[in-house]
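Colleague: Sequence:
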Amino acid sequence: MKESTLATKIMIGLLCAGVLVYLALYLLLGFQEELATTTAYTYSVNQGAEATGILVREERVLSGAGGYVELVPSEGEKTAAGDAVALVYSDASALSAQQAIQTLRAEIEQLQYALSTGTQSVDVSRLDGQVVSSIVSLRALAASGDLSDLEDSALNLRTMVFQRDYAYGDTGAAQDISQLIADKQSQLDTLNTSLSQVSQTIYAPVSGVFSGQVDGCESLTPDLLDSLTVQQLSAWMDASAAPAPNAIGKLVTDSTWYFAALLPGGDQLQLTQGNTYTISFSSDFYGNVDMALERIVPGEEQTLAIFSARSHLSDTTLLRVQTVDVVTDTIEGIRVPRRALRVETEDVEQEDGSVRQQNTYVVYTVVGRQAERKEVEVVYTGDTFYLLRPVDNSSSRLRAGDEVILNTSDIYEGKVVR
0 MKESTLATKI MIGLLCAGVL VYLALYLLLG FQEELATTTA YTYSVNQGAE
50 ATGILVREER VLSGAGGYVE LVPSEGEKTA AGDAVALVYS DASALSAQQA
100 IQTLRAEIEQ LQYALSTGTQ SVDVSRLDGQ VVSSIVSLRA LAASGDLSDL
150 EDSALNLRTM VFQRDYAYGD TGAAQDISQL IADKQSQLDT LNTSLSQVSQ
200 TIYAPVSGVF SGQVDGCESL TPDLLDSLTV QQLSAWMDAS AAPAPNAIGK
250 LVTDSTWYFA ALLPGGDQLQ LTQGNTYTIS FSSDFYGNVD MALERIVPGE
300 EQTLAIFSAR SHLSDTTLLR VQTVDVVTDT IEGIRVPRRA LRVETEDVEQ
350 EDGSVRQQNT YVVYTVVGRQ AERKEVEVVY TGDTFYLLRP VDNSSSRLRA
400 GDEVILNTSD IYEGKVVR
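Position one of the sequence shown corresponds to residue 0 (numbering that gives the first Met the number 0), numbered consecutively onward.
Keep in mind that the hints are not guaranteed to be accurate.
Derived DEER-like restraints, expressed as beta-carbon distance ranges [to be verified]: (1) R417 x V378: 27 to 37 Å; (2) R417 x V20: 21 to 31 Å; (3) D351 x T380: 30 to 40 Å; (4) E300 x V347: 42 to 52 Å; (5) A64 x A238: 25 to 35 Å.
Pairs of lysine to aspartate or glutamate residues, derived as EDC-like cross-links and limited to a Cα-Cα distance of at most 20 Å, are as follows [unchecked claim]: (6) K77 x E217; (7) K414 x E371; (8) K414 x E343; (9) K414 x E402; (10) K183 x E108; (11) K414 x E108; (12) K414 x E374; (13) K77 x E57; (14) K77 x D314; (15) K77 x D253.
What the hints contain is simulated information worked out from the structure, not anything from laboratory work. Ideal Cβ positions, reconstructed from N, Cα and C, are used throughout, including at glycine.
Let the hints inform the model, and build the full structure from the sequences given.
Modeller: Written out as structure tokens, the structure reads:
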């Protein structure tokens with residue numbers, strides 16, 4: 000009995016010891032820092048300065064007397080000489096008449112299409128399905144209160160009904176359509192006659208790019224840029240210019256446009272006349288425009304710079320005073336968080352016997368299950384990141400897409416991290 004009791008005690012002791020070892024290892028591993036990684040990727044940073052300036056174009060203001068104006072071309076659309084650019088109406092009833100004319104023209108076009116296609120072979124079952132679908136869509140528009148497309152939907156349904164009558168052999172359908180076209184054409188002729196007495200058409204005197212915005216700065220022309228000063232440009236940007244009376248729009252008559260800007264004084268940007276720089280717009284128009292530096296007047300407090308371009312004219316017709324970034328250089332590299340970079344310091348003996356400390360910048364990446372050391376150089380420091388470049392072109396160099404280790408302690412070459 001005693002031997003049995005002793006053996007039992009030994010077994011229980013070993014079991015307790017095993018449990019304690021297991022718990023100790025579990026707690027130790029639980030307190031260890033988990034592997035944290037991120038993906039490195041290619042990134043670029045623009046360097047330069049912020050500038051405020053004004054867009055200058057060769058512009059011709061268009062005028063027309065009347066209470067209601069309907070513009071024909073859209074903003075930034077190219078217009079030839081002699082093209083209609085605006086319809087000017089004397090009162091609101093004339094504008095309503097013009098809208099009725101547009102509706103009648105659309106209806107006549109639809110009815111003529113129905114008449115011309117009525118004698119063609121038609122898939123009757125498919126046409127019936129389209130009619131039902133159109134009725135459902137029309138009901139949904141009316142129920143939702145959306146009347147913007149209600150008229151077009153009703154006209155489309157009427158056209159399909161006429162085509163359906165043709166398909167089922169209704170010999171009077173053609174007469175009905177022809178009579179309806181004649182009635183609507185008569186209404187159209189009457190409206191056109193009455194509208195000609197209370198409306199005026201404005202035609203483009205020259206070719207150009209149309210803009211419906213007239214802001215009063217049209218008198219600042221490219222001819223004035225050769226003698227423009229910092230004080231004059233500041234006055235133009237601060238002034239509240241009034242547009243010309245009865246102005247209805249304008250034409251930009253030259254494809255070259257300019258941006259006269261005020262930059263920080265001094266020569267820290269080192270701009271060179273004749274070079275091309277990227278102007279980054281980020282307000283009313285988002286985009287980068289490559290512009291040539293035509294003239295620069297350095298100053299201690301402010302520098303006057305005049306840029307020119309022949310692209311993006313239609314995108315910038317609504318712009319006048321703008322704050323932009325003048326990009327003088329672009330730095331590209333591999334972006335990693337700041338905590339991923341490690342500095343390794345070693346003592347280097349000089350020729351004179353003195354010792355100098357030398358810093359080496361490295362990051363560690365996960366390759367397979369191990370950590371791999373990769374030496375880099377820092378090309379740009381951001382608030383939360385670095386832009387890096389590998390110091391060599393070996394197969395183990397840092398690349399975009401590498402899984403970079405963020406842990407800041409106890410990482411070394413070849414360590415098993417997974």
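Colleague: Decide, hint by hint, whether the structure agrees.
Modeller: Here is how each hint holds up against the structure:
| no. | hint | verdict |
| --- | --- | --- |
| 1 | R417 x V378: 27 to 37 Å | holds (30 Å) |
| 2 | R417 x V20: 21 to 31 Å | holds (24 Å) |
| 3 | D351 x T380: 30 to 40 Å | holds (33 Å) |
| 4 | E300 x V347: 42 to 52 Å | holds (46 Å) |
| 5 | A64 x A238: 25 to 35 Å | holds (27 Å) |
| 6 | K77 x E217 | holds (19 Å) |
| 7 | K414 x E371 | holds (8 Å) |
| 8 | K414 x E343 | holds (17 Å) |
| 9 | K414 x E402 | holds (15 Å) |
| 10 | K183 x E108 | holds (11 Å) |
| 11 | K414 x E108 | violated (78 Å) |
| 12 | K414 x E374 | holds (17 Å) |
| 13 | K77 x E57 | holds (15 Å) |
| 14 | K77 x D314 | holds (12 Å) |
| 15 | K77 x D253 | holds (11 Å) |
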